[in-house]
Structures are given as structure tokens and as C-alpha cells.
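Asks: Spelled out from the first residue to the last, the chains are:
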Amino acid sequence: MADLAQSHVSSGPGGEAHGETRRDFLVLTAAAVGAVGAAVTIWPFIDSLNPAKDTLALSTTEVDLSPVQVGQRLTVAWRGKPIFIDHRTPQEIKAAQEVDVSSLRDPQPDSARVKKTDWLVIVGVCTHLGCIPLGNKDGDPRGPYGGWFCPCHGSIYDTSGRIRQGPAPLNLVVPPYDFTSATAIKIG
Amino acid sequence: MTVPATTHRGPQSRILRWIDYRLPVVSFLEHELTGYPTPKNLSYWWNFGSLAGIILVIMIVSGIVLAMHYTPNADLAFDSVERIMRDVNYGWLIRYIHMNGASMFFLIVYIHLFRGLYYGSYKYPRELLWMLGVVILILMIATAFMGYVLPWGQMSYWAATVITNLFSAVPVVGQKIVSLLWGGFTVGNPTLNRFFSLHYLLPFIIVAVVGLHLIALHQHGSNNPLGIDHRGPQDTIPFHPYYTIKDLFGLSVFLLLFAFFVFYDPNAFVSADNYIPANPMVTPNHIVPEWYLLPYYAILRSITFDFLGIPSKLLGVIMSLGSLVLLFFVPWLDTSRVRSARFRPIYRLISWLLPLDVIALGYVGSQPPAGFVVTLGQIATFYYYFHFLVLMPLVGKLERPRPLPISIGEAVLGTGTAAERT
Amino acid sequence: MLKPFLAASALTAALALAVPALAQEEAPSPPHQAWSFEGIFGTYDLAAAQRGFQIYKEVCSNCHAVKHLYYRDTEDLGYTEDQIKAFAAQFKVTDGPNDEGQMFERPARPSDRFVAPFPNDQAARVANNGALPPDLSLIVKAREGGPDYVYGILTGFVNPPAGVKVPDGMYYNEYFPGHFIKMPPPLSDGQVTYTDGTKATVPQMAHDVVTFLSWAAEPNLDQRHQMGLKVFLFLIVAAGLFYAAKRKIWARVH
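So the sequence lines, in the order shown, correspond to chains A, B and C.
Under this note's numbering, the first residue of the first sequence is numbered 4, with each subsequent residue one higher.
Under this note's numbering, the first residue of the second sequence is numbered 1475, with each subsequent residue one higher.
Under this note's numbering, the first residue of the third sequence is numbered -1, with each subsequent residue one higher.
A couple of the hints might just be wrong.
Only pairs whose alpha carbons sit at most 30 Å apart, straight line, appear in this in silico BS3-like list of lysine-lysine [unchecked claim]:
no. : chain 1 : residue 1 : chain 2 : residue 2
1   : C       : Lys65     : A       : Lys56
2   : A       : Lys56     : C       : Lys55
3   : A       : Lys97     : A       : Lys84
4   : C       : Lys228    : A       : Lys56
It should be emphasised that the hints constitute simulated quantities derived from the structure, not laboratory data.
This is chain A alone, in the form it adopts within the complex:
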């Protein structure tokens, strides 16, 4: 819009400055109003790409834990992602609690990652580049710490889902969840 003002300054005789200032102000205001209008109009189109109401409504999953025996692991879906539920054995709990937290890449005590020590609930997505680690199915390799092993680039997690070796920077994420009863949880 700047060249608009210039092209008319050059062609008009003197004494037009006052009119031009008023015209410039008007034109600038109109341009600003137009720009605001355009921006406000774009927003609904962008927001329509955000999760819709029905997607958001499915943001919680309830899981019945009673069929899961000690030492068994269960995979459920939550918001389209796998959740690893581990009914930990006493040995696994002990191994998780006895680790020196300061030696961990992502320091977190086991107590900060569980609500009840015999149940571990973590998101089964490797924090490196998003593959699903092995270890939740019978016969899967679990890695040297008895936790999980990601086949894509070799990240190794312990019985608390913490990163011990390999390229992943962070521990496996603990999703928000609550015990709705002694044998059931609600995730999300």
C-alpha cells in the first residue's frame, strides 16, 4: 500500500498533502480492517482440522484388570495408541525400586510412575521415534532389564518403563489414569 501514496505524490501539484494524509489514513484503516477480517475468517477453517467433538468424547478408556494374572501383561488401546499394562511380579517391583535414580538418563523413581506398585500402566510408544516396543506379548524379547525392547533402533526399557540403553531420550510415558475400583482403571 506504500507505493499507492508515492505514485500520487509524484503526479499531483503541491497543496495536496493534507488530502493525501486523510486519504492515506482512510486507506490504511480500510486495509487494516480488511486484514483483520481475513485473519478472523481463516481461523474457523484451521480450527476445523482440530479433533472434532466425537473424537474428543472418546478420550477415555476403561479397563477391567481382574483377568490379568500376576506376571501377565495386557495391551489396550487408548486414543488410538497402545497402552501396556503390567501386573508386576515381586521380583520386577524390587528390581524397579532398587535402581539408583541418579544414574538414569531420565531420572524418575518407580514410586513416581505407579499408583499401586503391582500395576504398571505406560504408553507403549518408544520415545525415540515412535515404534511400539516388544515385551508385552508372550515370547517377546524383553531386553536385559526384563522390561521392554524396541526393535527399531534398540532402545531398552526396565520394569518401570524407564530408558536404560539405546537412543530414546525419555522414559515411556505414564498416561493419566485412576483406579475406579480395586480391579479396574480408567485411562484419560
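Assemble the complex: chain A is given as a structure, and chains B and C must be docked to it using the hints.
Replies: Just chains B and C, lined up with the frame of chain A:
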């Protein structure tokens, strides 16, 4: 006091000059937009071209976003549209914009077309410009027809059935063409899927033809209400800022009308039957196309008799499509040497009969074909063809046009031959 | 100067009015009712919509589904999350298959759609003498006359005029096309006890349930009207500004 017609100064900054030397976007825009000489006497009837371009962009943007949420499957389409209306953030807004935008698009284009007819914008040297416009109109009709099928309501399904069945009127291969279009024995899921694909494709073809339309326009520049050629810089002004600001003002007024429909009467143009999911076993009482297709529908139905061995059904199709094909020949049907109806006293009055006739046809198309409605449709169809094939050539030859002003510049200043407004 | 735009508006208005004016020659048009949501400042009367929801629950839902509504949508009407959860849990939804490969039933959740009274159209017909009670989620938009029509149907059950024989299994209705409807009169005075104490006459119940059904068909109306007002005011200001700028810029030429 003259204003320079063009201001060629080239790109300002170094970055722009770097780009422009390799890809001349900046100088292109300056030449075709900023400095482009435009007759200084264009009226608001000339706003409708830019409006059409803007609404095309609105339709494409809203359509692309809708396509992110729509499912083109016969079992899921209706529900996916309801999901857009209820669950997708602002889905209702985008859907209503797209739905009412189609009606606005046709309204704008019909007015733009009528402007061309009235002011002789189709005459030498703009014949191809006009014909490209007719091509755009035909592509718009095809796009809109297919788009209306997508929600898979009762009217979607049955309008698709009726219109695709028209091709069975083609002798010998008619029924084969119809099954090819359908992809089956009736309108069904294969039809819906291909209509979705083509509905997505055609607007981009429209964009390409609009590009050609603009190139043709820029060859000789815009026509103007006086219909006389501009003779030099005293007759023209640069498009920017004069017509950019006028187009912006026109746009804001148009948006007011558009916003009224989107926000306060979004279903004004829609048949209530289209909120009933498609049912192949039940035909609605009155199958009615969208309003902008009513005149062609009326012509189709008004041919109730066989003629010269041609069955009435085929004749109806020919006459209906013919009403569009006829438009291609307008530059040669009109024999007048004078462009603008302002200086053509008889043609000026007659040209208003055409929109009246088209509105009458529209009314006929919206009503069940019984009683006086049929007769009215036949009269109106007859007049439509009479207007183009008889009146246009004859009036051009027989009428005495009023004397034309000497130039645009003088007419605007009032020193040339007196030229009244409108 | 602005003639073309007036012409455009007039043309649009004429066509918009002409197109839906398909003659209801099979039955008279129902009279117009006053609705809280009509006009450019219209909004849904939530108290009426809640009463209407009660009518739907207690009367209509025995035969009519509202498949486009989710239980969570009723939050718009003013219900709390707990109320919605409790309401939804009354209904059973088929889910599965579970890990044994079996389908199973569970109580409905707010994220589920309203459970339909019949599993499919054929079952609905069997239970209703061959008639299919239409889904009500969009009924107000799917009929010419909209809310006035639905109100007319609900209040239009009258004795047939002298000499008119009503076929077996049908009922005479003033506003239904052809006058013979398969639905028995669904509303009678005092049929429902409103939780807010309003007297449940047939016109009152019809008015309330049509308000509810209008909301069900067009839940975004309130937001649409509010946004429309802002857009209009903005555009009027913008048009004024652009016009003034246009006049200023064109002052050189005129």
C-alpha cells in the same frame, strides 16, 4: 488533470528484484494488475467478474476443508455430512458457506453474463473471451450438479437419477451411456464415488479456464458502459488502486448478502427433502433441482411432443442443452455494429425481457408440470430461442442506434456528445 | 450505482422465496407459531427444550430414534455431566467383539449415540403395523414448514369431516399430506408430569417437543446467530470504510 495510465517502476527491494529477474512475478503483477489500463467509466456492473473469482476461491477452500471430513460412500455420506454439521469444529459454518456459496456463485455469474449481453462485451474482439465464459458456466453447472449429489439425501439421489437418465434419450447407445455413468444398474455407490472425484477435479479445470478468460480479457482490456474503445491514457486509469478499492467495496457489500444467508437463512435455497437420507425405494413427491438449474429443467420438461420423428424426451434434452450451446453463438447472432445497449433504444428494452423470461422459466421449473405451468413453460422456452435466433439478428439490423460519444474521456467529463448515465 | 447490488438481492430473494414454495395441495399449510429461535436474534428456550426432551424420552422414544444425537449433546440443553452419565447408563448398547469373539451388552456412555428403540427398519415396521416411524434428529429440517409443520401434525389430530372414511389402522390429521397418517395421536392432556411444574396440555407439549426437535436438528443455531451478528457489524463497518476510501481515491478522477 490526467492520471498516468501506468506506473512502471519495477520491483522496489533487492530481494524482489532477485526473484523477478529469475521468475517475473513482480513485474507480471505490476503490468497486469497495478498498472493495467482500465476504462475510467466502469460502473458497478463491472464488479461481478472479480466477485466471481473470489467466490470461486471461497468454494475451493471450503470444499477442500469439507473433503477432509466427508466420506464418499453411499452408506456413510449422509452421516458424514451430519458429523460435519454437529461435531467438526465450525463444520456447520464451512458447510453452510459451501452450500450457499454455490448459489451466490451462480447469482454472480448470471449477473456477469447479463452485463455482457447488455453492453455487447461479447462483440469483436472479445468473442473468445465470451465463449470461454460460456465454457466456465457449463463446467460450473456440471460441478454443482455433482456436488449436490454428494450429501446423498433424497433430492441428491433422485436428481442424479433423473438427470443421468436423460442420457438414455441418445439414440442407439443411450442406455449404455447411462450404465457407464452409473457404474451399475442404478445410481449407487460407484456413481457417488466418481461424482466425488470429478467434483473435486472440475473446479481446478474451471480455474484453468478462468486463467484463459483473463488472458483473453487482458489482450484488449475491459469493455465499458459506453461500448466504445479507449483511445489512450486519457480514457483509462490504472487498475490499482482505483478498481482494487472499488472491487473491495463491492466485495464487502456482496459479503453482507452472503453472510445473511449463511448465518440467518442457510437453508433458503435447499429442498427440505434433502435432509432425508436417500431411499432408492421412495421417490419424493416433487423432484426439484437447485434454483440455478431450474430454467434448463423447465425447458427440458416443456417439450411434450414429438417433432420431425425426434422423440419428445430427446428433443427436450437437445433444447435444454441447446439453451447453453446457443450462448456460444451470441457474438455472431447479434448483428449490431454498436456494442452497448445504452445506444440501442430497441435492444435496450428487449434485453430486459431475457432475464424476465429466465425467471419465468425458473418458476415453471419449480412447479409440478400441470395446467397453465406447462403452457407458460412452452411460451417461455419459445421466447428464449426467439430472443437469440430472431430478435438479436433482426434488431441489430433494423434499429437506428443513437450517436456514440467521441471518447470515454470526454464522455466522462461531459464535454463530448451527451451521454446519459445508464 | 448500487442498483446492480439491489438487483442482485431482489433477484435472490425472489428466487429463494419462489423455489421452496411447492404447493402443498394435498393438505393445508399449518398456521405459523411463535418460536423462540426464529428471526435473526432467535435462541433456543432451554427450559422448553428440556421439557421437550422429557416428552421425547417418555413418549416419542418408544417408536422414534434420534440417531444423530449423542448423549453428550444434551449438555447444550443445560444438563450436567453426572446427569448425562446417569441418563445414558439406563440404556444398553451392543459392543464387541470381546477377546472371546463375542458381542456383549454394556450400559451406554455419554460418548454413545442415543440408543434406537428398534435394531433396524424391518423390526420397526413389524412393531408399527408396517409403518416406519421416521428418525427425528432432522425431522424439523426435513419437512416443508419446519417447526410449524411438526407442531401442526402433533396438534392436528381431529375428527374427519362428514362423509370421509378413514382407512383401518390410520388416523385423520389436518396437516399431514393426504390427511391419513399411520401414527396414532401421540399426545394427550396431562400425559406427562413436567419436572418444572408447567401444565402439560397438548399445545404446550407439542410446543416444547418441537423446540427440542428443532434444537436436535440444528444444535448450532445460537452460535450461528451470535457469530452472524458480529460478522454483520464488522462487514457494515468494513463496507463503510471501503466506500469512504473508494470515494477518496476516486476524487482525482471524478
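Asks: Just to be careful, I want the Cα atoms of Lys97(A) and Lys84(A) compared with a cutoff of 30 Å; is the pair within it?
Replies: Satisfied, since the Cα-Cα distance of roughly 28 Å is no more than 30 Å.
Asks: Taking 30 Å as the top limit, are the C-alpha atoms of Lys65(C) and Lys56(A) close enough?
Replies: 16 Å, holds
Asks: Is the hinted pair Lys56(A) and Lys55(C) satisfied, with a Cα-Cα distance of at most 30 Å?
Replies: 24 Å, holds
Asks: Holds or violated: Lys228(C) and Lys56(A), Cα atoms, limit 30 Å.
Replies: Since the Cα atoms of Lys228(C) and Lys56(A) sit roughly 24 Å apart, the hinted pair holds (cutoff 30 Å).
The structure fails none of the hints (numbered hints given earlier).
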